[in-house]
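Enquirer: Taking our numbering, I'd label the letters of the sequence shown as residues 1 to 124.
Read the hints as simulated data drawn from the structure, not as lab findings.
C-beta: ideal position from N, C-alpha, C; glycine also.
Where hints are given, some of them may not hold.
For each label pair, taking beta carbons as the anchor points, the in silico distance ranges come out as [unchecked claim]:
| id | residue 1 | residue 2 | range |
| --- | --- | --- | --- |
| 1 | 19 | 76 | 25 to 31 Å |
| 2 | 117 | 89 | 16 to 22 Å |
| 3 | 104 | 79 | 29 to 35 Å |
| 4 | 85 | 18 | 20 to 26 Å |
| 5 | 113 | 16 | 29 to 35 Å |
| 6 | 44 | 104 | 36 to 42 Å |
| 7 | 99 | 31 | 48 to 54 Å |
| 8 | 22 | 116 | 16 to 22 Å |
| 9 | 75 | 119 | 28 to 34 Å |
| 10 | 101 | 76 | 38 to 44 Å |
| 11 | 22 | 104 | 41 to 47 Å |
| 12 | 104 | 29 | 49 to 55 Å |
| 13 | 44 | 23 | 17 to 23 Å |
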Amino acid sequence: MAERMTFPMYAIHRQQTQALWQAVQSLLAERGVMVAGDPPAADPGDLLAHWRQPTLLLSQTCGYPLVTQLPEVQTVGCFHYAAPGCEGRRYRSLLVVREADSHRMLGDFLGRRAVCNAEHSQSG
(Lines of atoms letter the chains of each structure in order from A and count residues from 1; the text may use other names and numbers.)
(Lines give C-alpha, C1' and ligand atoms only; values in the text may rest on other atoms or scores of the structure.)
Protein backbone atom coordinates (compact mmCIF):
# COMPACT_ATOMS: atom_id res chain seq x y z
CA MET A 1 0.00 0.00 0.00
CA ALA A 2 1.31 3.45 -0.89
CA GLU A 3 1.92 6.01 1.81
CA ARG A 4 0.24 9.40 1.50
CA MET A 5 2.05 12.62 0.61
CA THR A 6 0.41 16.04 0.62
CA PHE A 7 1.46 19.68 0.64
CA PRO A 8 -1.56 21.46 2.15
CA MET A 9 0.20 24.63 3.29
CA TYR A 10 0.97 27.63 1.09
CA ALA A 11 -0.55 26.02 -2.03
CA ILE A 12 -1.26 29.42 -3.54
CA HIS A 13 -0.07 28.55 -7.04
CA ARG A 14 -1.75 25.27 -7.98
CA GLN A 15 0.52 24.47 -10.94
CA GLN A 16 3.72 25.06 -8.95
CA THR A 17 2.46 22.98 -6.04
CA GLN A 18 1.52 20.18 -8.45
CA ALA A 19 4.97 20.33 -10.05
CA LEU A 20 6.60 20.12 -6.60
CA TRP A 21 4.42 17.14 -5.64
CA GLN A 22 5.26 15.31 -8.88
CA ALA A 23 8.99 16.02 -8.52
CA VAL A 24 9.07 14.67 -4.95
CA GLN A 25 6.94 11.68 -6.00
CA SER A 26 9.46 10.88 -8.76
CA LEU A 27 12.44 11.17 -6.41
CA LEU A 28 10.78 8.86 -3.90
CA ALA A 29 9.77 6.37 -6.62
CA GLU A 30 13.42 6.19 -7.79
CA ARG A 31 14.21 5.03 -4.26
CA GLY A 32 11.41 2.47 -4.20
CA VAL A 33 8.98 4.50 -2.09
CA MET A 34 5.50 4.69 -3.57
CA VAL A 35 3.27 7.58 -2.50
CA ALA A 36 -0.35 8.45 -3.08
CA GLY A 37 -2.06 11.77 -2.73
CA ASP A 38 -3.79 14.56 -4.53
CA PRO A 39 -1.33 16.84 -6.32
CA PRO A 40 -1.82 19.46 -5.04
CA ALA A 41 -3.70 18.28 -2.00
CA ALA A 42 -7.10 19.71 -1.35
CA ASP A 43 -7.58 21.45 1.97
CA PRO A 44 -7.72 18.59 4.48
CA GLY A 45 -9.89 20.64 6.84
CA ASP A 46 -8.56 19.50 10.23
CA LEU A 47 -4.83 19.93 9.74
CA LEU A 48 -3.84 18.43 13.10
CA ALA A 49 -5.78 15.25 12.32
CA HIS A 50 -4.24 15.25 8.84
CA TRP A 51 -0.67 15.48 10.18
CA ARG A 52 -1.34 12.62 12.62
CA GLN A 53 -2.62 10.14 10.01
CA PRO A 54 -0.70 6.86 10.36
CA THR A 55 -0.46 6.49 6.56
CA LEU A 56 1.02 9.97 6.05
CA LEU A 57 4.62 9.76 4.88
CA LEU A 58 5.34 13.39 3.99
CA SER A 59 3.45 16.63 4.42
CA GLN A 60 4.01 20.29 5.15
CA THR A 61 3.31 22.33 8.27
CA CYS A 62 3.93 25.76 9.69
CA GLY A 63 6.63 25.81 12.37
CA TYR A 64 4.29 26.81 15.19
CA PRO A 65 2.04 23.72 15.20
CA LEU A 66 5.12 21.59 14.56
CA VAL A 67 6.79 22.64 17.80
CA THR A 68 3.68 23.15 19.94
CA GLN A 69 1.27 20.37 18.96
CA LEU A 70 3.04 17.67 16.95
CA PRO A 71 5.67 15.99 19.16
CA GLU A 72 5.23 12.70 17.26
CA VAL A 73 6.11 14.32 13.90
CA GLN A 74 9.69 14.49 12.68
CA THR A 75 11.15 17.28 10.56
CA VAL A 76 12.86 16.00 7.42
CA GLY A 77 13.46 19.29 5.64
CA CYS A 78 12.61 22.94 5.31
CA PHE A 79 11.16 24.62 2.23
CA HIS A 80 12.96 27.62 0.75
CA TYR A 81 10.57 29.94 -1.05
CA ALA A 82 11.50 32.52 -3.66
CA ALA A 83 9.24 35.29 -2.38
CA PRO A 84 9.85 38.86 -1.22
CA GLY A 85 10.98 38.77 2.41
CA CYS A 86 12.11 35.14 2.28
CA GLU A 87 15.81 34.50 2.77
CA GLY A 88 16.63 30.79 2.79
CA ARG A 89 14.51 29.26 5.55
CA ARG A 90 13.71 32.66 7.06
CA TYR A 91 10.65 34.72 6.23
CA ARG A 92 8.80 37.73 7.51
CA SER A 93 5.21 38.67 8.06
CA LEU A 94 3.74 42.00 7.08
CA LEU A 95 1.19 44.21 8.74
CA VAL A 96 -1.01 45.59 5.97
CA VAL A 97 -3.05 48.77 6.42
CA ARG A 98 -5.06 51.08 4.23
CA GLU A 99 -2.93 53.59 2.36
CA ALA A 100 -4.76 56.47 4.06
CA ASP A 101 -3.97 55.12 7.56
CA SER A 102 -1.43 57.31 9.38
CA HIS A 103 -0.02 54.46 11.49
CA ARG A 104 3.46 53.41 10.35
CA MET A 105 5.24 51.71 13.28
CA LEU A 106 4.10 48.59 15.13
CA GLY A 107 3.67 50.57 18.36
CA ASP A 108 1.23 52.88 16.58
CA PHE A 109 -1.25 50.01 16.41
CA LEU A 110 -1.58 49.49 20.17
CA GLY A 111 -5.28 49.10 20.94
CA ARG A 112 -6.20 48.58 17.28
CA ARG A 113 -7.87 45.49 15.81
CA ALA A 114 -5.92 43.00 13.73
CA VAL A 115 -6.79 39.79 11.93
CA CYS A 116 -4.73 36.71 11.16
CA ASN A 117 -5.18 33.73 8.87
CA ALA A 118 -5.22 31.15 11.70
CA GLU A 119 -4.56 31.00 15.44
CA HIS A 120 -2.03 28.20 14.93
CA SER A 121 -0.02 30.14 12.34
CA GLN A 122 3.28 31.61 13.43
CA SER A 123 3.48 33.75 10.32
CA GLY A 124 0.08 35.30 10.54
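Enquirer: With reference to the structure, classify each hint as holding or not holding.
Expert: Right, here's what the structure says about each hint:
1. 19 <-> 76: 25 to 31 Å: 20 Å, violated
2. 117 <-> 89: 16 to 22 Å: 20 Å, holds
3. 104 <-> 79: 29 to 35 Å: About 31 Å separates the Cβ atoms of residue 104 and residue 79, which means 29 to 35 Å holds.
4. 85 <-> 18: 20 to 26 Å: With Cβ atoms ~24 Å apart, the hint holds.
5. 113 <-> 16: 29 to 35 Å: Distance hint for residue 113, residue 16 holds at roughly 33 Å.
6. 44 <-> 104: 36 to 42 Å: This hint holds: roughly 39 Å between Cβ atoms.
7. 99 <-> 31: 48 to 54 Å: 51 Å, holds
8. 22 <-> 116: 16 to 22 Å: The hinted range 16 to 22 Å is violated for residue 22 and residue 116, with Cβ atoms some 32 Å apart.
9. 75 <-> 119: 28 to 34 Å: 22 Å, violated
10. 101 <-> 76: 38 to 44 Å: Roughly 42 Å apart at Cβ, these two residues keep to the hinted range, so it holds.
11. 22 <-> 104: 41 to 47 Å: This hint holds: roughly 44 Å between Cβ atoms.
12. 104 <-> 29: 49 to 55 Å: 51 Å, holds
13. 44 <-> 23: 17 to 23 Å: Since the Cβ atoms of residue 44 and residue 23 sit about 21 Å apart, the hinted range of 17 to 23 Å holds.
In this structure, the earlier hints numbered 1, 8, 9 are contradicted, and the remaining ones agree with it.
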